[in-house]
Amino acid sequence: MGRLMTKAATGAIAAILALACPVVGGVGGPVTPACPGDADGDFDVDFDDLNIVLANWAQTVPPGTSGDVTGNGFVDFEDLNLVLANWGTFCMGIDKVFPTAGATGTVVTILGHGFDPDPDNNCAVVMMTPTCSLPLDVLDVNPEGTQMRVQVGPIFQGGQPGPIMVARGNGDFGTFVPAFPEIVVEEPVWVWDRQVNGPAATGPIFDPIPPAEELWLHGEPENGIICLFLPDDLPWLPDQKMAITMRAHDHAQGIGHDAHFPCMRILGPGGNTQECAERICDMIRCAFFQQSGIVIDCFIDQVPGGWKITVSLPGGFIDWGNLDICLFGPEVQVLDFFPPAAQSGDKLTIVGSGFDPDPDNNCAVVMMTPTCSLPLEVISVTPDGRQMQVLVGPIFQGAQPGPIMVATGFGTQGFFTPAFPDILVEQPVWNWDRFPPNGPAGGTMGMKDFVPIPPPEEQWIHGEPENGIICVTIPDSLQWGPDQKLNMTVRAHDHARGIGHDGYFPCIRLIGPGGSGFDCALRICDTIRCSFFQQAGFVIDCQVTPVPGGTKITFSIPGGYIDWGNVDICLVP
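Residue numbers (the numbering used here): 1225 to 1797.
Keep in mind that the hints were calculated from the coordinates and are not lab data.
A portion of the hints provided could be inaccurate.
[To be verified] The list that follows gives simulated cross-link-like pairs (lysine to aspartate or glutamate, DMTMM-like), each with its CA atoms no further than 20 Å apart:
| id | residue 1 | residue 2 |
| --- | --- | --- |
| 1 | LYS1320 | ASP1431 |
| 2 | LYS1532 | ASP1457 |
| 3 | LYS1709 | ASP1673 |
| 4 | LYS1571 | GLU1555 |
| 5 | LYS1532 | ASP1584 |
| 6 | LYS1532 | ASP1506 |
| 7 | LYS1320 | ASP1266 |
| 8 | LYS1776 | GLU1650 |
| 9 | LYS1709 | ASP1743 |
| 10 | LYS1776 | ASP1750 |
| 11 | LYS1465 | GLU1368 |
| 12 | LYS1776 | ASP1673 |
| 13 | LYS1465 | ASP1361 |
| 14 | LYS1532 | GLU1601 |
| 15 | LYS1532 | GLU1502 |
| 16 | LYS1532 | ASP1431 |
| 17 | LYS1709 | GLU1601 |
| 18 | LYS1571 | GLU1601 |
| 19 | LYS1709 | ASP1646 |
| 20 | LYS1465 | ASP1431 |
| 21 | LYS1465 | GLU1555 |
| 22 | LYS1709 | ASP1765 |
| 23 | LYS1320 | GLU1302 |
| 24 | LYS1776 | ASP1700 |
| 25 | LYS1465 | ASP1608 |
| 26 | LYS1320 | ASP1361 |
| 27 | LYS1320 | ASP1264 |
| 28 | LYS1320 | ASP1396 |
| 29 | LYS1465 | GLU1446 |
| 30 | LYS1532 | ASP1456 |
[To be verified] Simulated restraints, written as ranges between beta carbons of each label pair:
| id | residue 1 | residue 2 | range |
| --- | --- | --- | --- |
| 31 | PHE1757 | GLN1384 | 26 to 36 Å |
| 32 | GLY1295 | ALA1476 | 31 to 41 Å |
| 33 | THR1324 | ASP1506 | 33 to 43 Å |
| 34 | PRO1538 | GLU1411 | 27 to 37 Å |
| 35 | ASP1787 | PHE1271 | 25 to 35 Å |
| 36 | PRO1678 | PHE1397 | 32 to 42 Å |
| 37 | ARG1733 | GLY1761 | 36 to 46 Å |
| 38 | PRO1428 | ASP1364 | 12 to 22 Å |
| 39 | PHE1271 | GLU1411 | 53 to 63 Å |
Even for Gly, the Cβ is constructed at its ideal location relative to N, Cα and C.
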């Protein structure tokens, strides 16, 4: 960016011209002025342009070259005055954007000119409405200022396609000291200040793709301020993590103030909307003032059903901007567990953080191999999400020690209606669905492994993933008893899409004389298909095929690829 010239500096230059012209050697090459006063075509009007005018003073040159910024073919006071009139300005333009659509996290390339090579000194948004913008996090800019890479920020539901806009100003990237000690700044905060009457460039339309499910709060300008409503029933989690985007633009004064808080944590038990609102205001005020010396007013009021956050610019009128608060799901961590070894039916205590207080909404396993896991039935979770009690499930022969993993999602426990009338569901079935894609993944305990102890005698069938499916073969020699009881676990994780589906069937009875592996396989498939579809609305494909010496059951996810999981069928005497 060119240096700003004061009135005294302008007078000094005029005096130099009067005494000795020209005094600077060198001749600028042919250029087509990119903007008024830009002699060298770098989109900044600064000393470089002034020097070219002085070097070619009183000369006849090809129009539009060598300091002739007026284009009349002669370098004189008209060119000097045009440079001085536009001193310290720069011209920006956006030529192309790709891709032109994307969800949160998508990296977009913007081609143009006049971008500041320092990424922090650029502000990029998608103008979805005349008053509301979608944040674009500037990742990097090439040294020529002609290419910028940005990452799409949080997209609220109902976000409309709009043009991309880029502006330059003064940016700062770093941390600040909150007034409340329980606010943790986990990642640096970016604060940006657009100079008075600073320029902006507008480019092609970009189509934001909102995620299927996202917990967010959104506020837009109204009567010169931005108000954001925090409902009392919003589930503020213990150690709540959030991302905040704050944009407040006063176009009457030509000033824009922006901040992006990629990861903040409010320590504590959660659940108190008023305290969270106070801390959000504290973050906004402290970050702007400490990093840029900008005063942002932010205060809260109690309203029916919750609390209202009001943001304003002292002495200003917010014409466009927005305040978005995106709440992150719990960060699941496993810190310890005991006892370190157990067998089927034993209870295990897991200590960590981020567990869902609803036991059904957690999935716990022992990762015995990269693709195979031992089921842990979640019995209870403490209200603060820091301690979980689980029951060790069926352990097949040859099971190896492995780390414990816990993930959160959406679970249901209950009964379903099988298609075969001779299937009896004796205990509630648990289905768990990790969604949306790339939703909460979970924490893995790596300090020590849990040691599963297989029973000395157990009749079980075990299958692991291969080529995106799970196959289990039931040998003809297997003895199905009359009124055969089964314990089953099904885990099918499609990591390419970030989706995991789990089912636990603690006691299923196949009524009848038993003895036919093929008939039992059909009923096992029916049990799995019906429970997943009726309880979770998810389709699991299950096929039964006769093979030499037995019956093969094949499990698959329609349109998916099972990266890890397992199917365990344990016959109960």
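Each hint, compared with the structure:
1. LYS1320 with ASP1431: holds, 14 Å
2. LYS1532 with ASP1457: Judged against 20 Å, a Cα distance of about 14 Å means the pair holds.
3. LYS1709 with ASP1673: violated, 31 Å
4. LYS1571 with GLU1555: violated, 24 Å
5. LYS1532 with ASP1584: violated, 33 Å
6. LYS1532 with ASP1506: Measuring from Cα to Cα gives roughly 14 Å; hence the hint holds.
7. LYS1320 with ASP1266: The given pair, whose Cα atoms are some 19 Å apart, holds under the 20 Å limit.
8. LYS1776 with GLU1650: Distance ~26 Å between LYS1776 and GLU1650 Cα, so the pair is violated.
9. LYS1709 with ASP1743: Since the Cα atoms of LYS1709 and ASP1743 sit roughly 14 Å apart, the hinted pair holds (cutoff 20 Å).
10. LYS1776 with ASP1750: The given pair, whose Cα atoms are some 14 Å apart, holds under the 20 Å limit.
11. LYS1465 with GLU1368: violated, 37 Å
12. LYS1776 with ASP1673: Between LYS1776 and ASP1673 the Cα gap is close to 33 Å, so the pair fails against 20 Å, i.e. violated.
13. LYS1465 with ASP1361: holds, 19 Å
14. LYS1532 with GLU1601: violated, 41 Å
15. LYS1532 with GLU1502: Status holds; Cα separation ~10 Å.
16. LYS1532 with ASP1431: violated, 30 Å
17. LYS1709 with GLU1601: Holds - the C-alpha atoms of GLU1601 and LYS1709 are around 19 Å apart, at most 20 Å.
18. LYS1571 with GLU1601: Cα-Cα ~9 Å, so holds.
19. LYS1709 with ASP1646: With Cα atoms ~12 Å apart, LYS1709 and ASP1646 stay inside 20 Å; holds.
20. LYS1465 with ASP1431: violated, 27 Å
21. LYS1465 with GLU1555: Given pair LYS1465, GLU1555 holds - Cα atoms ~8 Å apart, limit 20 Å.
22. LYS1709 with ASP1765: Since the Cα atoms of LYS1709 and ASP1765 sit roughly 23 Å apart, the hinted pair is violated (cutoff 20 Å).
23. LYS1320 with GLU1302: Violated: LYS1320 and GLU1302 sit about 35 Å apart, past 20 Å.
24. LYS1776 with ASP1700: holds, 11 Å
25. LYS1465 with ASP1608: holds, 15 Å
26. LYS1320 with ASP1361: holds, 18 Å
27. LYS1320 with ASP1264: violated, 23 Å
28. LYS1320 with ASP1396: violated, 27 Å
29. LYS1465 with GLU1446: violated, 28 Å
30. LYS1532 with ASP1456: Holds: LYS1532 and ASP1456 sit about 11 Å apart, inside 20 Å.
31. PHE1757 with GLN1384: 26 to 36 Å: holds, 35 Å
32. GLY1295 with ALA1476: 31 to 41 Å: holds, 34 Å
33. THR1324 with ASP1506: 33 to 43 Å: holds, 38 Å
34. PRO1538 with GLU1411: 27 to 37 Å: holds, 28 Å
35. ASP1787 with PHE1271: 25 to 35 Å: Violated - the Cβ-Cβ distance for ASP1787 and PHE1271, about 59 Å, lies outside 25 to 35 Å.
36. PRO1678 with PHE1397: 32 to 42 Å: violated, 54 Å
37. ARG1733 with GLY1761: 36 to 46 Å: violated, 26 Å
38. PRO1428 with ASP1364: 12 to 22 Å: holds, 20 Å
39. PHE1271 with GLU1411: 53 to 63 Å: With a Cβ separation near 38 Å, PHE1271 and GLU1411 fall outside 53 to 63 Å, so the hint is violated.
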